[in-house]
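**Student:** Next come the chains, spelled out residue by residue.
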Amino acid sequence: MKSSAEMISPEALPMAQSSQQAMNKEKTDRYQAGKSASFGRYLWPLLALTLLLLVNLFIDSSFFHLTYQDDRLYGSLIDILNRSAPVALLAIGMSLVIATGGIDLSVGAVMAIVGAVCANLLLIPDISLVTVILAGLIVGLAAGSINGALVSFLGIQPIVATLLLMVAGRGVAQLINQGQIITFQHEGFAAIGVGQFLGLPMPIWIVVGMLLLSQLLLRKTALGLFIEAVGCNAKASRYLGINDKSIKIFAYAIAGLCAALAGMISTADIQGSDANNIGLWLELDAILAVVIGGAALTGGRFSLVLSIIGALIIQTLATTIIVSGLPAKFNLLIKAIVILSVLLLQSEKFRRQLSGLFKLGIFNNAKAGDKK
Amino acid sequence: MSLILELNNISKHYPGVKALEEVSLRLCSGEVHALLGENGAGKSTLVKVMTGAQSKDSGDIVFLGEKQHFCTPIEAQKVGISTVYQEVNLLPNLSVAQNLFLGHEPKRFGLIHFNKMYTDARSVLTQFKLDIDVTAPLSQYSIAVQQLIAIARGVAMSAKVLVLDEPTASLDADEVQVLFGILNQLKQKGVAIVFITHFLDQVYQISDRITVLRNGRFIGEYLTSELPQTQLIEAMLGRSLQAQLVDKKSDDNAVKATTAVLLSLESVSVKGSIQAMTLTVPKGQAVGLAGLLGSGRSEVCNAVFGLDLLESGSIHLAGKKLHLSQPVDAIHAGIALCPEDRKVDGIIGPLSIRENIILALQASVGWWRCLSKARQEEIAQFFIDKLQIATPDADKPIEQLSGGNQQKVILARWLAIEPILLVLDEPTRGIDIGAHAEIIKLIRSLCDDGMSLLVASSELDELVAFSNKVVVMRDRYAVRELTGLELTSQHVMQAIAEG
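Each protein sequence line maps, in turn, to chains L and A.
For the first sequence, the working numbering assigns the number 18 to the initial residue and increments by one for each residue that follows.
For the second sequence, the working numbering assigns the number 81 to the initial residue and increments by one for each residue that follows.
Some clues are possibly wrong.
Straight-line alpha carbon distances no greater than 27 Å define the calculated DSSO-like cross-link-like pairs of lysine-lysine that follow [as the list claims (entries may be wrong)]:
| no. | chain 1 | residue 1 | chain 2 | residue 2 |
| --- | --- | --- | --- | --- |
| 1 | A | LYS269 | L | LYS252 |
| 2 | L | LYS252 | A | LYS423 |
| 3 | A | LYS351 | A | LYS453 |
| 4 | A | LYS351 | L | LYS252 |
Treat the hints as calculated values from the structure; they're not laboratory data.
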């Protein structure tokens, strides 16, 4: 507890300084204030991730150990990156949807549909891999667009609109699979889940690729800003000429596309489509990842990188619990408690109250830093 | 009259801004104390500190001889300081009565005594000459009625100190008189009332003493009866008022009257809003829309900006017929609108000033052609300098600015896309006299640059000051047009009254 109170000073001091300089040098201040604000956003999620990793190192001293074997890196860290890929992909799409002020509960079900479509297509002899992947992506995009249309054009509350597909989606997947678990033998497709490239598992590359592509699309054009504007105030955005409906549909479509990628990874991983279980409850992990990344569910600012850090925290935690050797029945409870702590750490108000409890000298500094 | 609340040497800093510096305020029981100053003078911050909504950095709050540290508004309410904030802070989904008594409902056997609550609510509202259904949800009623209910709530809490932040902004003249009647009654009972407003004539009508703030500093405390209006304005602005609103331009009116028509509305009707409205806006001129609340002023603006669909009639811009089905169509045609409700329809609160300024320009060039950060900063800085937006830097979220500066940012947003017609709906609502003058000056200089403006406003002096022509509306259509020498607030008032 004491250590968390002390942690406030490194962040708070530079901010207090920059407020001093404001009166003298406007330009330096602008530079520094902007810098320390974005630094503060990254500080707490990164700190939580580091702490979790250190706990693992404490439990198992070989935790950070990496070995190179059969042209591929092995180790717990690689496992975490690899295992977190589906949630990380979902979190990219979810960040956009949440930034518009919505939510997408259907992504887990979309994973199931895409998995079923791909698995059944793979049963066709001599089908090309490209066709299967394209079909999967198109199904994901279509599902996302339907969500978006329900929200934008019919004005249905996002939680209700996507709940429809969350329920119906698994049904559709079961229908496609005709109630069976469809397995397939296709080395090319399986490589999406278990393959490797340049020494790293394929899912990691897919996440990196999707992240780079999304960042390019959102930050090198004005789409990211428009999404944030619509999320902050849809009506005012419409008044200044932004097509808020299209922006919303775009966000849901990207969420569907990300779900398609995640669904293909999970399906390729087990080389089969299990409509009942694939992606089950993953939409909730994705939402959690975005929230841990510091986004507000009411919409507005988003950061894809922070959401992915959130997904990594969730996966690291799952690994930690397994490594720690605690009985499995504690898993869910510990997960909830750790996530609550991460969320509380991000709250300036909570940190202030915590430090107030200790009445330390640095309290005044923290207070000065908090007033943005 | 005895001292009831003292604020001594209150200071409050935000990063880069001194919101309050050693400000003092003394309140006596049974007085109406006007708290005046320009936008950003620190009035709202002082109120927030006084009522516990924000913490102070230094200074004392002494209430009835005891030092107080309010951490939350509830603590301040408990000792008897109740506040009616500038924006209506009520719950639109609850009934009028529930809003009035929220948090201190009359109870019976531990449960809410609804019948008593309704009768009490009715009797409170009778004082305000409001005869409305107290069981209906608040959202059913107009902003003016909601404002009165918010004030009634403050009054019903039987506070010792009542703070009213811009209570009359959306009230019409009769409602203001009803409110003042009630304030006088409260005065008799010994309640101290802090009255924040930008209507100076109301200050002279109701207040006993005046405290003036400027740029977060305490300027002075005056007896209202001993402070002439010109000196008050000087104290608020820190400079003598240089004939801002005078120099009438009756001569150049005659010249300009012959210029080409830019916008014309021909018997435009919108379902449920305006009827057979005809109006022309000449190029390079400002046309004012006057009329009472609900006369159709704002509705004309909405129709021109494509927010409301036309039922019949047509709108022509520069000779071309417009088909407006959404704001984007109007923007593409070169029409911009600064909406009446700045907070809901104008600002995008959490985004920075820079982003708020460039958004319309970015939307009009398209999402795929992103303005570079350097270009954005250049544009933002240009308008911050040109319109004198008071901010330490362009990256501050717009919601942290005062109302007048927010309005300037919205104006900058539209000026950045260089519209040919700028529609302003209540451009000076909730803005103090200094920013008023600046915005009026801006409207004139825009006209000189060849832009046309259509301005709806409830402030006649202001309309008359900058308009080349004023169209008076009543019952949702134009009743008169006034130009040239006819254009005085007296005539406009007559036209509103008589048609």
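**Student:** Hint by hint, say whether it matches the structure.
**Tutor:** Tested hints:
no.	hint	result
1	A:LYS269 with L:LYS252	violated, 45 Å
2	L:LYS252 with A:LYS423	holds, 11 Å
3	A:LYS351 with A:LYS453	violated, 44 Å
4	A:LYS351 with L:LYS252	holds, 21 Å
Of the hints listed earlier, those the structure fails to meet are numbers 1, 3, in rising order.
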